[in-house]
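If you read the sequences in order, they're chains B and C. Residue 154 in numbering that gives the first Met the number 0 is what sits at position 155 of the first sequence, and the numbering runs on without skipping anything. Residue 290 in numbering that gives the first Met the number 0 is what sits at position 291 of the second sequence, and the numbering runs on without skipping anything.
Hints listed in this document are in silico derivations from the structure and should not be mistaken for laboratory results. These numbers come from a predicted model, not from an experiment. For glycine and all other residues, C-beta sits at the position ideal for the given N, C-alpha and C. A hint or two may mislead.
[Claimed, not checked] Simulated pairs of lysine-lysine, DSS-like, Cα-Cα distance not exceeding 30 Å: (1) 497(C) to 577(C); (2) 168(B) to 468(C); (3) 327(C) to 169(B); (4) 296(B) to 327(C); (5) 229(C) to 298(B); (6) 404(C) to 168(B); (7) 502(C) to 198(B); (8) 90(C) to 198(B); (9) 288(C) to 198(B); (10) 188(B) to 375(C); (11) 90(C) to 8(C); (12) 298(B) to 311(C); (13) 188(B) to 468(C); (14) 233(C) to 168(B); (15) 23(C) to 198(B); (16) 168(B) to 497(C); (17) 537(C) to 298(B); (18) 95(C) to 169(B); (19) 381(C) to 168(B).
[Unchecked claim] Which stretches of chain B does chain C cover? Using the computed rule of at least three CB atoms under 8 Å from a CB of chain C, they are: (20) 19-25; (21) 102-111; (22) 182-195.
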Amino acid sequence: MAWDFQTIRNQAQKEADSICDNTSLESFRIKYLGKKGLIPQVYASLSTASKEDKPLLGKNANELKNFISGLIEEKKLSVKDTINQSSKSNIDVTLPGVANDLGHSHLLTQTMDEICGLFEKLGFIVQEGPEIETEFNNFDALNIPSNHPSRDGFDTFYVDQVDPGDKDKKLLLRSQTSPVQIRVMKANKPPLAVVVPGKVYRPDAVDASHSFMFHQIEGLLVDQDIKFSHLKGLLTTFCNRFFGDNIKMRFRPHFFPFTEPSAEIDISWEKGKKDWLEIMGCGMVHPQVFKAVGYPKGKYTGLAFGLGVERIAMLRYGIRDIRLFYENDKRFLEQF
Amino acid sequence: MKISLNWIKDYVEVKIPPGSLADKLTMAGLEVENVSLVRGDTIFEVEVTPNRPDCLNMIGIAREISAVLNKELALPRTGKLSKADAICDIKIEDKKGCLRYIGTVVENISIQQAPKELLKRINSLGLRAINNIVDITNFCLLETGQPLHAFDYDKLAGGRIIVRRAKDGEKIVTIDDIERALDPSILVIADAEKPVAIAGIMGGKETEVTASTRNILLESAYFDPIIVRKASRKLGLSSDSSYRFERGVDYPTVENCSNRALSLILKEAGGKIVKSSDIKVTGRNKAAKEIVIEKEKIDSFLGTDTSVTQCKNIFDKLGFDVKVDKQKVFTIVPPSFRGDIVQEVDIIEEVARIIGYDNLPLSMPSIKVSNISESKEIQLRKKIKQILMAQGCSETVTYTMISQKNLNDSKLSDIEKLNIVNPLSQDQEMMRPSLLPSMLSRVQFNLNRGQKDISLFEAGKIYTNKGEKETLAVIMTGVALRDWRKLKQNNVDFIDIKGIVGKVFSGTGIQDSAVSYKISELPFFAGENAQIFLRGKKIGAVGRICQEVLDAWDIKGASVVFAEVDLESFYSGSFSKKKYFPVIEYPIVTRDISLAIKKDILFDEIRNIVFNDNNDIMHNFNLIEEYLGENLPGKEYKGLVCSCKYQSKTGTLKEEEVTKVHERICQSLIDKIGAIRR
Chain B
0 MAWDFQTIRN QAQKEADSIC DNTSLESFRI KYLGKKGLIP QVYASLSTAS KEDKPLLGKN
60 ANELKNFISG LIEEKKLSVK DTINQSSKSN IDVTLPGVAN DLGHSHLLTQ TMDEICGLFE
120 KLGFIVQEGP EIETEFNNFD ALNIPSNHPS RDGFDTFYVD QVDPGDKDKK LLLRSQTSPV
180 QIRVMKANKP PLAVVVPGKV YRPDAVDASH SFMFHQIEGL LVDQDIKFSH LKGLLTTFCN
240 RFFGDNIKMR FRPHFFPFTE PSAEIDISWE KGKKDWLEIM GCGMVHPQVF KAVGYPKGKY
300 TGLAFGLGVE RIAMLRYGIR DIRLFYENDK RFLEQF
Chain C
0 MKISLNWIKD YVEVKIPPGS LADKLTMAGL EVENVSLVRG DTIFEVEVTP NRPDCLNMIG
60 IAREISAVLN KELALPRTGK LSKADAICDI KIEDKKGCLR YIGTVVENIS IQQAPKELLK
120 RINSLGLRAI NNIVDITNFC LLETGQPLHA FDYDKLAGGR IIVRRAKDGE KIVTIDDIER
180 ALDPSILVIA DAEKPVAIAG IMGGKETEVT ASTRNILLES AYFDPIIVRK ASRKLGLSSD
240 SSYRFERGVD YPTVENCSNR ALSLILKEAG GKIVKSSDIK VTGRNKAAKE IVIEKEKIDS
300 FLGTDTSVTQ CKNIFDKLGF DVKVDKQKVF TIVPPSFRGD IVQEVDIIEE VARIIGYDNL
360 PLSMPSIKVS NISESKEIQL RKKIKQILMA QGCSETVTYT MISQKNLNDS KLSDIEKLNI
420 VNPLSQDQEM MRPSLLPSML SRVQFNLNRG QKDISLFEAG KIYTNKGEKE TLAVIMTGVA
480 LRDWRKLKQN NVDFIDIKGI VGKVFSGTGI QDSAVSYKIS ELPFFAGENA QIFLRGKKIG
540 AVGRICQEVL DAWDIKGASV VFAEVDLESF YSGSFSKKKY FPVIEYPIVT RDISLAIKKD
600 ILFDEIRNIV FNDNNDIMHN FNLIEEYLGE NLPGKEYKGL VCSCKYQSKT GTLKEEEVTK
660 VHERICQSLI DKIGAIRR
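Start from the sequences, fold in the hints, and give me the full structure.
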């Protein structure tokens, strides 16, 4: 069979010129390159061609195939352009998108997660404990004397439930997260490195800076050779990571019954300014606390620290009223 | 507490500027909260921690300064007092309330103005002049920390002093002219007839020293800190005296201060000591214990390299009795006024404090891997929060204390609850036994502030007398997803909140088949509500809040849906470990099925029939549309369009295979629940 390659080319070119969409491009492809299309037919005819005609026919067939393929590729691009052009004119891309609103994590949760996260990176493990506690865990074991004013109803909430371990006493709402230290130490041997976030309660009348319910984070590191210098090193690292490298900070001696020596940490943001802001308490675990949890005398030393989450968040985000945290105004929640 | 720098300078040399001294005191543990200049004097406002009652006076502060600045401390000298000829008629009846009572009668004093120097001192700390006797007692209180009281001796009935508990019904008019009712919890000083002072807190009007007083009885005593504190709280009355007795005064100072005051009285008011008694309750004043500590121990604890001289000097300046041997071991007896020093760490703290924490080295601890691990609860809770936030719900943190009214308003009056013994107010009389009141109050709060679309959740605790339980609550009102392309925005309903709760289960790896819903009868819900079961165990509830509850909470014109899930049961539910199933590449064949069924047939019944058909190609079954209205066989019918997706694990499905199964399922639906194909 003899093929008029030039005519085929002309015809194909003409057909290709009129292609304007994917459908006509596809039928063009099938007509020439499809299983039963023209090109396969041309190649099929090679088998019946004479020995002399074969090389030329083969060459022409290849050239035709390349030509057709080229047309198809060319057309593919132009068809795409047309589609793009037409979509451009159809939509106002500045219209608002539609999606589910994202919910917001409460700022207190975010702050606790961030602080705990920093300590977790240093090797601490997050632990939690109950809010309803015994007087033993909240006071006795923490070396707070039995006549200490903080045990009064003025400073601690008691609930109407008898302590199963001491029938003369009522259970209380923990006034600090420290009782979790006691629980963790009673259940585990050192080395220990834990951070404890949670709610605590004190009967303070509510105003812009007081709340009867608030949140604390407590940390505890116990091992055989924990030093006061470690307390300084660890908490300096924390403060720099959380508040930034350019803060000034100081460890100021203070008193807590459950640590000795004890300190409060003050930081100052603004250069040259001497406005110290108290941000956390800390100290070396008091030997009486180790005694209360049954650790052998003199075997371990440890450091502990605690901070008020609301206070830290208020300082960091410029929140002036603690009540905003519990009001849960949507317009507050959605800022964070 | 206020301190006067000029006064301090009577006992210790201070050459640095007041600001620097304030910094040094702060960094030694006596936080200076304010510094002000008053008439040529510098007044510091110092916060004294409760372990340091010895610093509640000028000498105590001066002692600290002498240690911090490394200067000598010069104590005031008390001249020799002549001995009294007679004893004072004093009886301590309450041996728990009073450990020591020194009473001294001075006769023929002349009441006049106190000397200027003395007045200047007490004025600088905010005390006004009264008369020389009272001013001297105040001066000595501020100087030594020992409260004193002077009675008009002639007005003490029988010339007697009895330290006893008040009797029920007894009353006293205190020097502030207020009549106060007393009871046996309160310790008083009485004469032969009646109370003449509230021990350690305030004296009585009737026996106070006035211009006409000629003879006085000076009291210097040790009263029990707890008894004084309790009485002070009970009476709502505190004073410079009670402040110090509550924190504990120094036993030897009871005598020293008495002598100091007497010598000043004799000098400024004349008179003669005629009677004196020092009554001690024996066996209650323990001698300070010796503390032995190696220098090495101090250094290893602090990470320092101190010298023996440096440490010894600190101990000396603080008034410790210290010996040191060649092995650098200190043997220390703390002074009586330092009841806070009982063991090694207390000594270490003193060294750290006086050197200054800022001058101590810092290093990083090597934190070892412990065998404690984070609980499954914490991880699951985080996951649940993420799921809910992705569904558009924001997290709340609400007060955990509520009122009985909150419960009543939420139709939860009969629920078991845990009351607070000493609530701040009735609004917070109990720990919440349910999250519903907290969530309703937050919806109401936001609606009142013009927020219409509200989706909130809280993973918080509920409390009963069985303990506390972590619970999840979700509450929604308004429109969950606003889409400007739709004309009508749908308000959230039961199906929306059920969908969100379902995501909590599916998102934490609980299979749909493990969760079931049954209609419930919880009082706070309207008709559309269900209890949620996880593997047959009741775990929560979901539904629309009834109108009565909304009215009680003053929530107007909004439909509110709520869900509560017990997270403890949820956490303890078994979570199947995740496992890989090969993705099947064979095509899925979809067949829709349109049915009319009676309205009382549950969707679950249809599902069960579909999945109970014995075949291995049913891949998925979904509800596409529910239809109510025209073109149904009757009013008791509803129309459902569902899609069945078929897929084989072993090859491409043939039309005939799918048709066979699909038709059989349809036939089952017709046979078992009377479905009609449409």
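Status of each hint after checking the structure:
no., hint, verdict
1, 497(C) to 577(C), "holds, 24 Å"
2, 168(B) to 468(C), "holds, 22 Å"
3, 327(C) to 169(B), "violated, 49 Å"
4, 296(B) to 327(C), "holds, 23 Å"
5, 229(C) to 298(B), "violated, 39 Å"
6, 404(C) to 168(B), "holds, 28 Å"
7, 502(C) to 198(B), "holds, 28 Å"
8, 90(C) to 198(B), "violated, 51 Å"
9, 288(C) to 198(B), "violated, 40 Å"
10, 188(B) to 375(C), "holds, 21 Å"
11, 90(C) to 8(C), "violated, 40 Å"
12, 298(B) to 311(C), "holds, 27 Å"
13, 188(B) to 468(C), "holds, 28 Å"
14, 233(C) to 168(B), "holds, 22 Å"
15, 23(C) to 198(B), "violated, 36 Å"
16, 168(B) to 497(C), "violated, 44 Å"
17, 537(C) to 298(B), "violated, 49 Å"
18, 95(C) to 169(B), "holds, 26 Å"
19, 381(C) to 168(B), "violated, 36 Å"
20, 19-25, "violated (count 0)"
21, 102-111, "holds (count 6)"
22, 182-195, "holds (count 7)"
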